[in-house]
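S.K.: These protein sequences, in sequence, are chains B and P. Residue numbers for the first sequence follow my numbering, beginning at 9 and rising by one. Residue numbers for the second sequence follow my numbering, beginning at 9 and rising by one.
You may find that some hints are simply not true.
Below, computed lysine-lysine pairings styled on BS3-like, alpha-carbon distance capped at 27 Å [to be verified]:
id	chain 1	residue 1	chain 2	residue 2
1	B	K417	B	K242
2	P	K417	B	K468
3	B	K214	B	K417
4	P	K427	B	K468
5	P	K416	B	K468
6	B	K574	B	K416
7	P	K311	P	K495
8	P	K468	B	K417
9	P	K311	P	K468
10	B	K564	P	K575
11	P	K416	B	K417
If you are wondering where the hints come from, they were derived from the structure by calculation, not from laboratory data.
2 protein chains.
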Amino acid sequence: MALRARALYDFSSENPGELSVKENEVLTLYSEQDIDGWLEGTNSRGQRGLFPASYVEILRNDAASSSVNSCSTSGEPRYSNIPAGGFESKTENFSKPSAPSFGTFTVPQHQQPSQGSDDDWDDDWDDSSTVADEPGTVAGRYTDHEGNGPSTYRVSTSSSRANAQQQTRSSATVGRNLNRFSTFVKSGGEAFVLGEASGFVKDGDKICVVMGEYGPEWQENPYPFTCTIDDPTKQTKFKGMKSYISYKLTPTHTHIQVNRRYKHFDWLYARLAEKFPVISVPHLPEKQATGRFEEDFISKRRKGLIWWMNHMTSHPVLARCDVFQHFLMSNSTDEKAWKKGKRKAEKDEMVGANFFLTISTPPAPLDFQDVESKIDGFKTFTKRMDDSSLQLNATVNEFARKQISGFKKEYQKVGMSFKALSQAFEMDQQVYSSGLNLAISFTGDAYESIGEYFSEQPSKDLDPVMDLLALYQGHLANFPDIIHVQKGALTKVKESQKHVEEGKMDRTQAEGIHERCNIISCATLAEIQHFHQIRVRDFRAQMQHYLQQQIAFFQKVTGKLEEALKKYDNV
Amino acid sequence: MALRARALYDFSSENPGELSVKENEVLTLYSEQDIDGWLEGTNSRGQRGLFPASYVEILRNDAASSSVNSCSTSGEPRYSNIPAGGFESKTENFSKPSAPSFGTFTVPQHQQPSQGSDDDWDDDWDDSSTVADEPGTVAGRYTDHEGNGPSTYRVSTSSSRANAQQQTRSSATVGRNLNRFSTFVKSGGEAFVLGEASGFVKDGDKICVVMGEYGPEWQENPYPFTCTIDDPTKQTKFKGMKSYISYKLTPTHTHIQVNRRYKHFDWLYARLAEKFPVISVPHLPEKQATGRFEEDFISKRRKGLIWWMNHMTSHPVLARCDVFQHFLMSNSTDEKAWKKGKRKAEKDEMVGANFFLTISTPPAPLDFQDVESKIDGFKTFTKRMDDSSLQLNATVNEFARKQISGFKKEYQKVGMSFKALSQAFEMDQQVYSSGLNLAISFTGDAYESIGEYFSEQPSKDLDPVMDLLALYQGHLANFPDIIHVQKGALTKVKESQKHVEEGKMDRTQAEGIHERCNIISCATLAEIQHFHQIRVRDFRAQMQHYLQQQIAFFQKVTGKLEEALKKYDNV
Chain B
9 MALRARALYD
19 FSSENPGELS
29 VKENEVLTLY
39 SEQDIDGWLE
49 GTNSRGQRGL
59 FPASYVEILR
69 NDAASSSVNS
79 CSTSGEPRYS
89 NIPAGGFESK
99 TENFSKPSAP
109 SFGTFTVPQH
119 QQPSQGSDDD
129 WDDDWDDSST
139 VADEPGTVAG
149 RYTDHEGNGP
159 STYRVSTSSS
169 RANAQQQTRS
179 SATVGRNLNR
189 FSTFVKSGGE
199 AFVLGEASGF
209 VKDGDKICVV
219 MGEYGPEWQE
229 NPYPFTCTID
239 DPTKQTKFKG
249 MKSYISYKLT
259 PTHTHIQVNR
269 RYKHFDWLYA
279 RLAEKFPVIS
289 VPHLPEKQAT
299 GRFEEDFISK
309 RRKGLIWWMN
319 HMTSHPVLAR
329 CDVFQHFLMS
339 NSTDEKAWKK
349 GKRKAEKDEM
359 VGANFFLTIS
369 TPPAPLDFQD
379 VESKIDGFKT
389 FTKRMDDSSL
399 QLNATVNEFA
409 RKQISGFKKE
419 YQKVGMSFKA
429 LSQAFEMDQQ
439 VYSSGLNLAI
449 SFTGDAYESI
459 GEYFSEQPSK
469 DLDPVMDLLA
479 LYQGHLANFP
489 DIIHVQKGAL
499 TKVKESQKHV
509 EEGKMDRTQA
519 EGIHERCNII
529 SCATLAEIQH
539 FHQIRVRDFR
549 AQMQHYLQQQ
559 IAFFQKVTGK
569 LEEALKKYDN
579 V
Chain P
9 MALRARALYD
19 FSSENPGELS
29 VKENEVLTLY
39 SEQDIDGWLE
49 GTNSRGQRGL
59 FPASYVEILR
69 NDAASSSVNS
79 CSTSGEPRYS
89 NIPAGGFESK
99 TENFSKPSAP
109 SFGTFTVPQH
119 QQPSQGSDDD
129 WDDDWDDSST
139 VADEPGTVAG
149 RYTDHEGNGP
159 STYRVSTSSS
169 RANAQQQTRS
179 SATVGRNLNR
189 FSTFVKSGGE
199 AFVLGEASGF
209 VKDGDKICVV
219 MGEYGPEWQE
229 NPYPFTCTID
239 DPTKQTKFKG
249 MKSYISYKLT
259 PTHTHIQVNR
269 RYKHFDWLYA
279 RLAEKFPVIS
289 VPHLPEKQAT
299 GRFEEDFISK
309 RRKGLIWWMN
319 HMTSHPVLAR
329 CDVFQHFLMS
339 NSTDEKAWKK
349 GKRKAEKDEM
359 VGANFFLTIS
369 TPPAPLDFQD
379 VESKIDGFKT
389 FTKRMDDSSL
399 QLNATVNEFA
409 RKQISGFKKE
419 YQKVGMSFKA
429 LSQAFEMDQQ
439 VYSSGLNLAI
449 SFTGDAYESI
459 GEYFSEQPSK
469 DLDPVMDLLA
479 LYQGHLANFP
489 DIIHVQKGAL
499 TKVKESQKHV
509 EEGKMDRTQA
519 EGIHERCNII
529 SCATLAEIQH
539 FHQIRVRDFR
549 AQMQHYLQQQ
559 IAFFQKVTGK
569 LEEALKKYDN
579 V
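For reference, chain B alone in the conformation it holds in the complex (with noise of 0.2 Å):
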């Protein structure tokens, strides 16, 4: 019997050998096996050609031989794509999926799994296929059919470091958060705080706070190191039909060449995301629906990745850990050390709640009144830098607009105007005054290229400020989750105060949460300093580059201008 799919959504081909289909249609399958998040198909019309396999269901008699699943590594059931019942009440609560190569979301989607390809390096990720979300150590990951199974990332809302979730196991006295999509639940705040993390840490694994100058820090990376990132080229597989962009990632502490594709970045992200709950991991530059093969777009995407790759090397913890040194460090061309190192990532036990078991604090425990007020007026900070950040974003991007359109062509316009006076004098018939024809000429010309210096610059000076304003954007909206994590700790210790005055609570009990929010509290302060000190290390440099072009640009207005004066001595 022929393998067939019916259509959940209209999807509309954008390139060469995809095939239209409309919701509902019926299509013959070649192999319930998707490449890169496509199938291949047959429609009623007998034309062929790859739809987006998130766009359809697999018709079969036997639901649950649906679960795909090449991974042996844990008994849970893994979310699929193929719906099982609940698919279409569940994509309520998300946005239609889009294509996997040409969709338009700008997150890392969990929903689609690669099935069965985990191991399948070269072939089993597009740029926006996803990679497989193994179950760890972790109990019920994606077991939670309500809604929240297919979480999304960098979302602006509060929702966007929605992955370590947990399960908890215990029945600690002080009550758990019925929210279960509460950010201090999911990013296993609440189960640290509750004493019911637990795992074996390694020396490498150990993060210390220290207190520095200003409060606690993350102590610092003692062999800081940059990494560059050259030369973006087009390389195509399966056949032609699909291509993606590789870049060349060069460390300086190994100084050895990797080459690295966006769903390696992508896939990195959705790792840190999930691994530390208080540190905000950079958000990746955003995904693009069309033209990522421009040069334009290449040329952007490297520049985001430029800055993210800085604010990671910066990043005292972030910088170090394991799956970021398997990330740099792994051989391209040798595939089984990368699967090794990637399944490792996948399955670190380290994440989420037990992230907080890895940290060391500095001996004297923080002052939480303290710590509380210094939050709040983050809060604070936070909120009007987003304004400000978001202002100042609208208000470059239209200064570069009009400097790219309007002003161009005033100046232009300006420039025409006097070429035309100098080609009616032209016809003055005297052959005194042709040395003036030809200044106001050359004239004409300084303000056609003035206008195009003009169009030029906002790629100089204007895109930089908007590549580290969209970065701090993402920041900013990392931190109100981070500060929910510490806000619930806190609160986690108030209602342990409480139940130890009324003894419903042991003394010990309550001190080992207060040990813990303590835990908490170091890292989200330390957190908070590292942001403030990258925030005003980027933005005094950007600032200095940003005025260094304006005058570098109205010196060489004022220099064609020179030149055209010039031409006026011997007329």
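Keeping the supplied structure of chain B fixed, place chain P upon it in accordance with the hints.
M.R.: Frame of chain B; chain P shown alone:
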């Protein structure tokens, strides 16, 4: 019996002391004698005030007595503002007369004589009242009542030199132009070519055209001078009800300061335009309907007058002519001397046709084919220059507007956004970032300043360009008439040659026409040569000035940015 007048048009009072009147409203007058073109009267509601004399007709039994004329030097009836039956039909050919002081017309109008006030130097004129056109030796001026009586100067049509109209008395065999409105006729060119002009040319009136490197040119002024225009001050008169601006003129050849009002310039302009048929008399800066006493306008008019004066003193013929010298030298406090010179100028016989009598030409007569080709080339040139000046003027005007509004706004928006960011950053509670916050705030201020620079700049560089273009647009409007006169003369030559061939004219008469056409051609080519020379001089200087100002502007912007950049040094 009370003196009464009927309103011919609606008049809305715009200033204290003025009285609004409705068309056909009957007003009681205090006197039929207007003051500065204003009459004082009372309406039916008992309201008293001033209204323009030209807006009303005085009601009386004897229409003949309407011809109020204090000038006894001629027996010819003078054109008056009192309708005398034919007024209304005549005004249909022209626009409704404007209020004398606050009218919007931009040309000196001659339809309103200063009734009996010729001798009253202090009170006879306001800026927009006009001077009596005293009929001189040229008979019949303004006696034609068929529509071309009140002519206007400085309109962009070819009627702009329609002043020195001549009624011819001879009946030459070369036919006269049937179109008596033709510039050739009105300028006196035809009368001169036909040998109808006669007069005694004093040595001092002689004007030489010499053969220069590039063809005929005006003999240089052996005593070149310039004249400064300073300190426009507001003066009041008429019990403070009327005000005017007085300019201080200091010619370099006398070093004696004289005070002149716009109306004096206006009077002078009328004399010059009447006197010189083939000389492009620079147009005065335009009048303004309202805001005559606002600083901007006064400053702008002064600049316009400076340009005008520059073109007057630069012109070898205009600079030396008696009426201009009288204007520059007559002591403003010695009324008698002024009036004497004024009357003398108004009685000048060497105007129009007779002007050509004063011209002496180079010994070798011109080749008329060569002249025709040069004139045609110049005609093409003026058309192109007119088009491109108009285009440049529109562009520059728009560019100024953009800088004052759009550019300023964009830079200030950027400035404000930087300041908002610095204000947000000030909430960060981090001591180490205060330097950055101050630097960003300073950068914000710098961008707000740059916005101001942009809005202030056009008055420094674009406005002077527009002033220059306005002056040249005036010249370009003059040349069609000048060319017309020369072409008319050339046509007469061709006609006369034909007539000689046909035996209708004797050779001597034809030679006279040829000779007189040579005089007109020499003068025309000399004027064209002069135009090109000052054009090259003016545009060279103006373009240099513009570029220098632009360079200074961009350097100022650069300096401001460098100042801002320095603030980041110790951050």
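S.K.: It remains to establish, for every hint, whether it holds in the given structure.
M.R.: Structure-based check of all given hints:
Among the hinted pairs, B:K417 with B:K242 is inconsistent with the structure: their alpha-carbon atoms are about 35 Å apart, more than 27 Å. Between P:K417 and B:K468 the CA atoms are separated by roughly 22 Å; this keeps the pair inside 27 Å, and the hint holds. About 59 Å separates the Cα atoms of B:K214 and B:K417, which puts this hinted pair outside 27 Å; it is violated. Between the alpha carbons of P:K427 and B:K468 the distance comes to roughly 22 Å, so the proposed pair stays at or under 27 Å and holds.
Only pairs whose Cα atoms come within 27 Å are accepted, and P:K416 paired with B:K468 is accepted, the gap being roughly 21 Å. A distance of roughly 24 Å separates the Cα atoms of B:K574 and B:K416; the hinted pair therefore holds under the 27 Å criterion. Among the hinted pairs, P:K311 with P:K495 is inconsistent with the structure: their alpha-carbon atoms are about 35 Å apart, more than 27 Å. A distance of roughly 22 Å separates the Cα atoms of P:K468 and B:K417; the hinted pair therefore holds under the 27 Å criterion.
Between P:K311 and P:K468 the alpha-carbon distance is near 12 Å, which keeps this suggested pair within the 27 Å criterion. Distance restraint check for B:K564 and P:K575: the Cα-Cα separation of roughly 23 Å lies within the 27 Å cut-off, and the hinted pair is therefore satisfied. Of the pairs offered as hints, the one joining P:K416 and B:K417 holds, with about 16 Å between alpha carbons and a cut-off of 27 Å not exceeded.
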